[in-house]
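4 protein chains.
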Amino acid sequence: MISAVLKLKGTDQKGIVYKITNLLYETGGNIIDAQQHKEELDQQFFMWVKFDCSEMNCTRSVFEEKLTEVSGELGMDFDISYSDKPKRMAIMVSKYDHCLVDLLMRHKYGELPCEIPLIISNHPDLEELAIHHRIPFFYIPVTKATKPEAELKMLELLKSHQIDLVIMARYMQILTPTLLDAFPSAIINVHHGFLPAFKGAKPYHQAYEKGVKIIGATSHYATADLDMGPIIEQETERIDHSHSANDMVRIGRDIEKKVLASAVKAHLEDRVMLYKGRTIIFN
Amino acid sequence: MISAVLKLKGTDQKGIVYKITNLLYETGGNIIDAQQHKEELDQQFFMWVKFDCSEMNCTRSVFEEKLTEVSGELGMDFDISYSDKPKRMAIMVSKYDHCLVDLLMRHKYGELPCEIPLIISNHPDLEELAIHHRIPFFYIPVTKATKPEAELKMLELLKSHQIDLVIMARYMQILTPTLLDAFPSAIINVHHGFLPAFKGAKPYHQAYEKGVKIIGATSHYATADLDMGPIIEQETERIDHSHSANDMVRIGRDIEKKVLASAVKAHLEDRVMLYKGRTIIFN
Amino acid sequence: MISAVLKLKGTDQKGIVYKITNLLYETGGNIIDAQQHKEELDQQFFMWVKFDCSEMNCTRSVFEEKLTEVSGELGMDFDISYSDKPKRMAIMVSKYDHCLVDLLMRHKYGELPCEIPLIISNHPDLEELAIHHRIPFFYIPVTKATKPEAELKMLELLKSHQIDLVIMARYMQILTPTLLDAFPSAIINVHHGFLPAFKGAKPYHQAYEKGVKIIGATSHYATADLDMGPIIEQETERIDHSHSANDMVRIGRDIEKKVLASAVKAHLEDRVMLYKGRTIIFN
Amino acid sequence: MISAVLKLKGTDQKGIVYKITNLLYETGGNIIDAQQHKEELDQQFFMWVKFDCSEMNCTRSVFEEKLTEVSGELGMDFDISYSDKPKRMAIMVSKYDHCLVDLLMRHKYGELPCEIPLIISNHPDLEELAIHHRIPFFYIPVTKATKPEAELKMLELLKSHQIDLVIMARYMQILTPTLLDAFPSAIINVHHGFLPAFKGAKPYHQAYEKGVKIIGATSHYATADLDMGPIIEQETERIDHSHSANDMVRIGRDIEKKVLASAVKAHLEDRVMLYKGRTIIFN
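The listed protein sequences correspond, in order, to chains A, B, C and D.
Going by numbering that gives the first Met the number 0, the residue at position 273 of the first sequence is 272; the numbering climbs one at a time, nothing skipped.
Going by numbering that gives the first Met the number 0, the residue at position 167 of the second sequence is 166; the numbering climbs one at a time, nothing skipped.
Going by numbering that gives the first Met the number 0, the residue at position 237 of the third sequence is 236; the numbering climbs one at a time, nothing skipped.
Going by numbering that gives the first Met the number 0, the residue at position 247 of the fourth sequence is 246; the numbering climbs one at a time, nothing skipped.
Please note that a few of the clues may not be correct.
A pair counts as met if it fits within one copy or between any two copies, since identical chains are not told apart.
Straight-line C-alpha distance at most 27 Å; calculated DSS-like pairs for lysine-lysine [unchecked claim]: (1) K209 x K107; (2) K201 x K13; (3) K152 x K275; (4) K84 x K198; (5) K264 x K143; (6) K264 x K18; (7) K152 x K65; (8) K201 x K84; (9) K209 x K198; (10) K37 x K201; (11) K13 x K84; (12) K65 x K18; (13) K94 x K107; (14) K158 x K209; (15) K198 x K8; (16) K65 x K13; (17) K264 x K146; (18) K18 x K37; (19) K84 x K143; (20) K8 x K37; (21) K94 x K152; (22) K94 x K143; (23) K198 x K13; (24) K209 x K8; (25) K18 x K209; (26) K37 x K13; (27) K201 x K65.
The hints are simulated quantities; they were obtained by calculation from the structure and are not laboratory data.
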């Protein structure tokens, strides 16, 4: 079975669900799952439909023309993707490999519907791991001075590999607009703190100082505003006075893996929509 | 706003969502939320639609006629309820009041859309609590000998109060078919164990003996098969060797309250569908 | 059995545990549980001992003299309490009763070892509830102008009732030093946000704006620095885009009850020690 | 710093903690952490002490002699281990590698204090992974007919590598007494079900049939009684009607990794004691 995911958003009005499902009915799409969300405060309507498109009575381009027409009448924007065109995902890392290994393992087990054409790192350390997983590894060192040039190299690599999604799997550099602007809402970062509480460096040490009883991690779209992009997933774990900052780092690794994997999965399955700096995630 | 919840089930086929949403569009219903579920193994389709019915262009009976027609064509069964006709819920208790108080508090805070016309107990202890909450309290003692007669009395009370849903809020008697058959899938019980592991009496003592590291509680529809009715909600909590059976009872009270309240809320909001002894719960 | 809880703190050195347990052995105390904690960064040692004191071979005052001597030699401060002298706890409320009811229910079930001699409120609404639970209720209205006078009245009431611990069970006024200074580390507040992220008013609306995926609540000792006192307990709960601010308020009620009850229990069982604005909680 | 962990168990009596800590004081051991547990029903006392043994004033053998004497007087059994003699752990696998990779990663990050001298498998598939991690890999095929002989080979390997602990990281064969008896309470298995509910094969399918709302996994010491050995760790995760058996397998992988890693860590840190088929785990 080949499936498609259709996402629509626009101002709420009667008949949206009917008109969209009508189009699917007429073109031979079979709805597998459909979900909606309404932002009550400003009457915005979000629709998410997954449908079996393997027995449609028209080509994809004809379908998309009709869809443009119907959504145009409804004043809504749409976005569509097909399961036989999996996204191409690049992973950026530095020295820590726990998130990278976790993503590669999940990919191997079929949890993440994507291709992983390359890994980029500002350190050479993880090349052997990439080789073990048979994924091309590009080592691009980054210093303050060389960062602009390095990011241009990265950009070229990402473009030449037709990358759709970039994962910062504990990549320890702040990206500049060179990359950020080239992949709007398509770069996912993991922050080892429960945002918005502990932004910036050493969040676990901040948490220790405050004596919090719960720590967390956050995965979010990277934006120019550091650690402030739309939150995709968060997780927390209990700690107590007996946990050293080192213990928190250890516990943190587990939470980081979990929130990053969950965010990546949601994005790859086209379950994420954005609205006013927040995410709407269907499931 | 007055809303309605429509639930349909039947064999899957193309066009179900379209035909139902078409009907709503034509009759002026505005979809607030629509969810679906398909049982892959036997191609059963379940649809749940919540819609604003305050501006419909026909009466409810006309709408339901049309609905009968459309669902008939689709070979599906349906069920509909309206927010201006809240369910009438009876609560049965014995001596423990933690679940009862929890339900009454949530009701007061508007979490449970229902009326509570009466409380029935086989003990007189909780009458004062009922008075405090201004709910009629009926004390019907139950012994082995008087159980048949007692249940008939209860049945009469429930019928005369037009009760739709009965909650066994730690009511410590096993019901007979007299009541069970009168309220199919409309009696909710809470079991203080993580079913199916610890059925029957003293589940916490069973859990202690086995040395489990997690205990739980389960809310389910009461059926003739003791503690085996369709599970609506479950919760677990970590324990360790330092917890006595008494500690488990204490922790258990919290989980019992939680699973019962959650199950009751799901039922009252018409989010539960049944299939082959399992529940499908939309949210 | 009558038990005592002994808490000691001071600079770490060899022999602390031995010397304290030696004293207990010689005086006939039987250790039920003993726990330690060391702050690695500055070599501070914290010891917590619960012991059966019902068969001691000396009076409490003789024991405490010996304890003063031993701890003096070790350069440590100590604090001792006895299970036959339960703490006296006052509860302050405004209009919301969910935390109050939760505390009263837990007290009734024997979860909270204390006496509750009075409830104080700045609103008359919850008097009937207090009457139902047979606890004296004092209504002391508070306006900006009358706050100093009102707090003096409260202070007098708390003193005349020999109160050891004050619980702000969603008491919606900021306390002044009049009360804060009279009960150092003995006033527990519950904040309906996951501190330190969302301080001050309307934390759930702040959480909604930020699009967080997890909300929380925090119980802490009240200090002059609003919502910044030592954190005793925190809990979190997952939310998603479909939750309105109202839903968060509802979920929040459950978390608030939980963190407040847990903090109160820890304090009443003398399991909390303080160090540099953080809590050390033995269990 | 070199530390030691001392575990004692026996009938409760006054002075146990004092006598043990006295011995440590006299021999120059500095207590880092000490915990106790009493089984109330039959007056058994369990003591766990972690102490800095790097500045003791006697040799380990002299210390252990004194310890034998003191514990003998108290009628208690003891067990001691030293941090400079990490346990030697073998890992047994079949084809699934998620638990193996997880353990190896945690080992690399220093979370698991042990040496891993070998991996044994009844399939050749994971050899490359072992090579990547530079751990000797032994492929020993097992059929019904060859199992006795295969286990003897394994036993020889485990003995010749001085193995202290064997981990069945989704090793899909039932062990016979050949191995079980050679490593009493030193073989840890992970079962992909929330024991004791779903023993044996295909636990997730059992869970699906019952319509449970929570699934789990259990790590336990392997005994002759299949899936009934002392439980070390359990974890649960929420599911709902929309999860297929495949989804449960996916969620299950995460829980399996977690409970196995947690159990292995507890065992390696000598925090586990056994009593009547249950575990007492200090932390």
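Checked hints:
1. K209 x K107: neither (40 Å within a copy, 30 Å between copies)
2. K201 x K13: neither (50 Å within a copy, 33 Å between copies)
3. K152 x K275: Neither: 32 Å inside a chain and 49 Å across chains, both beyond 27 Å.
4. K84 x K198: neither (36 Å within a copy, 41 Å between copies)
5. K264 x K143: neither (33 Å within a copy, 41 Å between copies)
6. K264 x K18: Neither. Shortest intra-copy (29 Å) and inter-copy (32 Å) distances fail the 27 Å Cα cut-off.
7. K152 x K65: Classified as neither: same-chain Cα gap 40 Å, cross-chain 63 Å, threshold 27 Å.
8. K201 x K84: Close neither inside one copy (39 Å) nor across copies (33 Å); limit 27 Å.
9. K209 x K198: Close inside one copy (14 Å) and across copies (13 Å); limit 27 Å.
10. K37 x K201: Classified as between; 22 Å across copies, 38 Å inside a copy.
11. K13 x K84: between (33 Å within a copy, 24 Å between copies)
12. K65 x K18: Both: 11 Å inside a chain and 19 Å across chains, each within 27 Å.
13. K94 x K107: Both ways: K94 and K107 sit 22 Å apart in one copy and 13 Å across, limit 27 Å.
14. K158 x K209: neither (43 Å within a copy, 32 Å between copies)
15. K198 x K8: neither (31 Å within a copy, 33 Å between copies)
16. K65 x K13: For K65 and K13, both the intra-copy (19 Å) and inter-copy (19 Å) Cα distances are at most 27 Å.
17. K264 x K146: neither (30 Å within a copy, 41 Å between copies)
18. K18 x K37: Answer is both: 17 Å inside a copy and 22 Å across each meet the 27 Å cutoff.
19. K84 x K143: For K84 and K143, the Cα distance exceeds 27 Å both inside one copy (38 Å) and across copies (45 Å).
20. K8 x K37: Intra 10 Å, inter 25 Å, cutoff 27 Å: intra and inter.
21. K94 x K152: Result: close within a single copy only, 20 Å intra versus 39 Å inter.
22. K94 x K143: The answer is within: 18 Å in one copy meets 27 Å, while 45 Å across copies does not.
23. K198 x K13: neither (42 Å within a copy, 40 Å between copies)
24. K209 x K8: Between copies, since 20 Å is at most 27 Å while 41 Å is not.
25. K18 x K209: neither (53 Å within a copy, 33 Å between copies)
26. K37 x K13: both (12 Å within a copy, 26 Å between copies)
27. K201 x K65: neither (51 Å within a copy, 45 Å between copies)
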